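Chains A and B are the protein sequences, given in the same order. What the first sequence shows, in the working numbering, is residues 1 to 203, in sequence order. What the second sequence shows, in the working numbering, is residues 204 to 583, in sequence order.
One or more of the hints may lead you astray.
Lysine-lysine pairs mimicking BS3-like chemistry, simulated, CA-CA at most 25 Å apart [to be verified]: (1) Lys507/B - Lys154/A; (2) Lys563/B - Lys62/A; (3) Lys525/B - Lys563/B; (4) Lys525/B - Lys507/B; (5) Lys553/B - Lys154/A.
Think of the hints as simulated: they come from the structure by calculation, not from any bench. All figures in this text were calculated on a predicted structure; none of them were measured in a lab.
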Amino acid sequence: MSERLPFPGWKRSKAFFRTGRGFTLFEVLVTITLTGFIMLGIITVLQNTADFSWRSYTRGDKERVLRLLTRRLEEILGSAYLCPYIGEKLQLLNGNTQGFSLPVSREGVTGRAGFFLHDGDLVYRWEGIRDGEVAEETVITRLPGAAFSYLDGKSGLWIPYWQEDYYPRLVRLRLHWQEETGESEPLPDLIFPILVGTEYGIE
Amino acid sequence: MVLNRGNSGAVLLAVTWVLLILTGILITLGYQVQLESLLYSRYKRELETKEAARNLLQLVIHRLQHDDSDYDAPGTIDFPYALAAELGYTYAAEVELWDEGSRFNLNNTPAYMWRSFFEDAPGYYTFVHQWFFSGDVSAYSTPAVVRQNYLFTVEELYRLPGAEAIATYENMLRPELTVFNPALFYLLDGETFLALLKQTGENYSASTEMAMIDAFNRNRWNAMYQASLFELVGRLGLPVFPDIAKLEPLVTTEGFLNPNFISPRHLNAVIGAPPANSVRLYELKTIQEATPFTRWEYFDAYLKEVYGENYPAYVRLYFTFKTRIWGVRVRIMGESGTSFCLTAVLERSKEKALTSWAIKILSLREEWVVTGEGGTGLGE
Numbered sequence: 001m002s003e004r005l006p007f008p009g010w011k012r013s014k015a016f017f018r019t020g021r022g023f024t025l026f027e028v029l030v031t032i033t034l035t036g037f038i039m040l041g042i043i044t045v046l047q048n049t050a051d052f053s054w055r056s057y058t059r060g061d062k063e064r065v066l067r068l069l070t071r072r073l074e075e076i077l078g079s080a081y082l083c084p085y086i087g088e089k090l091q092l093l094n095g096n097t098q099g100f101s102l103p104v105s106r107e108g109v110t111g112r113a114g115f116f117l118h119d120g121d122l123v124y125r126w127e128g129i130r131d132g133e134v135a136e137e138t139v140i141t142r143l144p145g146a147a148f149s150y151l152d153g154k155s156g157l158w159i160p161y162w163q164e165d166y167y168p169r170l171v172r173l174r175l176h177w178q179e180e181t182g183e184s185e186p187l188p189d190l191i192f193p194i195l196v197g198t199e200y201g202i203e
Numbered sequence: 204m205v206l207n208r209g210n211s212g213a214v215l216l217a218v219t220w221v222l223l224i225l226t227g228i229l230i231t232l233g234y235q236v237q238l239e240s241l242l243y244s245r246y247k248r249e250l251e252t253k254e255a256a257r258n259l260l261q262l263v264i265h266r267l268q269h270d271d272s273d274y275d276a277p278g279t280i281d282f283p284y285a286l287a288a289e290l291g292y293t294y295a296a297e298v299e300l301w302d303e304g305s306r307f308n309l310n311n312t313p314a315y316m317w318r319s320f321f322e323d324a325p326g327y328y329t330f331v332h333q334w335f336f337s338g339d340v341s342a343y344s345t346p347a348v349v350r351q352n353y354l355f356t357v358e359e360l361y362r363l364p365g366a367e368a369i370a371t372y373e374n375m376l377r378p379e380l381t382v383f384n385p386a387l388f389y390l391l392d393g394e395t396f397l398a399l400l401k402q403t404g405e406n407y408s409a410s411t412e413m414a415m416i417d418a419f420n421r422n423r424w425n426a427m428y429q430a431s432l433f434e435l436v437g438r439l440g441l442p443v444f445p446d447i448a449k450l451e452p453l454v455t456t457e458g459f460l461n462p463n464f465i466s467p468r469h470l471n472a473v474i475g476a477p478p479a480n481s482v483r484l485y486e487l488k489t490i491q492e493a494t495p496f497t498r499w500e501y502f503d504a505y506l507k508e509v510y511g512e513n514y515p516a517y518v519r520l521y522f523t524f525k526t527r528i529w530g531v532r533v534r535i536m537g538e539s540g541t542s543f544c545l546t547a548v549l550e551r552s553k554e555k556a557l558t559s560w561a562i563k564i565l566s567l568r569e570e571w572v573v574t575g576e577g578g579t580g581l582g583e
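So here's chain A without its partners, still in its complex pose:
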């Protein structure tokens, strides 16, 4: 039975033969290379998994909460309705630390929309002006100790209650996010402008 060498010049050591069986250098190199690839892959996978789960369960969660809140609040505050030519029929923004409502016009339907905090939940509420239809939807839970405040463009002060006949310049939501473990930590304040009613060049 002839010895089959991987390529010319290749020699097997006698010790190798004496022990019965072993690996060729080529096999060892291939194994090392493959093991390297595997280790690299495993490390990358572990790293990604660690990153991803860290994002998912810590920062990612909070980011998604902030993104959701920003979208929903901006959507309503950006649709604020103001028509100075139809008299005093519509009260503008009416709010306190636990929530607010304001007239909005969306896709041709006018109603009173707003958000209020209830036992750590943020609830969206819609009330149609023409049909009186009322709808409520819990937007997000686990927001203990959240509070709204309103920036008066005339005085430049943040105030906790709003019942003026003009819109506040900004609405702020100060909030904490409660983890599943029960721990809560503060999130950055969310601040939304109300462009409707903003005056430029009026002294």
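Given the coordinates of chain A, assemble chain B onto it according to the supplied hints.
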């Protein structure tokens, strides 16, 4: 000698399996990461687009504030793209401006003007009259003396029960209607005036209401000259003198209809007489774009051509060449056939002491629309 002839591929096979499994895990995790990253990048792009549109609106406001031209017309209010580019705004964007105040407002115009405005759409007139004066659209309800309803938005009109009756006119008439302009005192009648008073919170007995309407209609010709609202209302001899401070936001004695933006239909309604030269009337849009009216004399000559020599002199009180209520649409082209559309209504006013115009944002609407279809709201 043959080494490991029977199982020499086992390691490679195992490694291949491990690699396959790891690849599967990577793809799965990669997909989730990619999804998260896609959501985040889309959100970021949305914010950037919205910010760009709002920035362009600020540029428009700046442009309108520092406008020192003598008249406004479709050709004179082009958005300064050069300025935007200079400031680094390189988005594929369109900015369109129009005179919102020169559109027709059903809330504060008399019903006799509606008849003229909707002359070629009688079904529209019937529907609108029924809804405003009866509170519903059933054909059997008795109309009240004073209107019972008003619109918060023009779109609302097309969502009322029975609005199928006017759906065919929507494309034709929707762009000519608004709710964003005040009542012009010189165009009011007793009923409209009383409806405005009621909107300010005034409440009268039925007999006083009738007396108010009668006094207004009888004496209105004594008040067809340029003066303050207080003085003009004083000339009406009303049985109850209203609270002028409450009325002033709703009624103006300063003409705000711009001859360079008003539509032929609206012009007909405010003049209140059939045109002697209809062809010339319907050339109005072409004239506005090609050779806009720069002075009253030119518009006066045009009115004489269309309505004859005898149109009333007080018509002059309705008009201005400087637009008061502007409509602005900023459209930012997005990917995959959608675009972001910001529509705003701006009120422009100038105090005598001020050198630049003051601007107030009256309305703002932001939506994602399918390019080419316009108006289809796309949420998130």
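Verification of the supplied hints:
Straight-line distance between C-alpha atoms of Lys507/B and Lys154/A comes to about 49 Å, which puts the hinted pair past the 25 Å bound. Straight-line distance between C-alpha atoms of Lys563/B and Lys62/A comes to about 36 Å, which puts the hinted pair past the 25 Å bound. Proposed proximity of Lys525/B and Lys563/B is supported: the alpha carbons are some 16 Å apart, at most 25 Å. Between Lys525/B and Lys507/B the alpha-carbon distance is near 22 Å, which keeps this suggested pair within the 25 Å criterion.
In summary, the hint linking Lys553/B to Lys154/A is supported, as the alpha carbons are separated by about 20 Å, within the 25 Å threshold.
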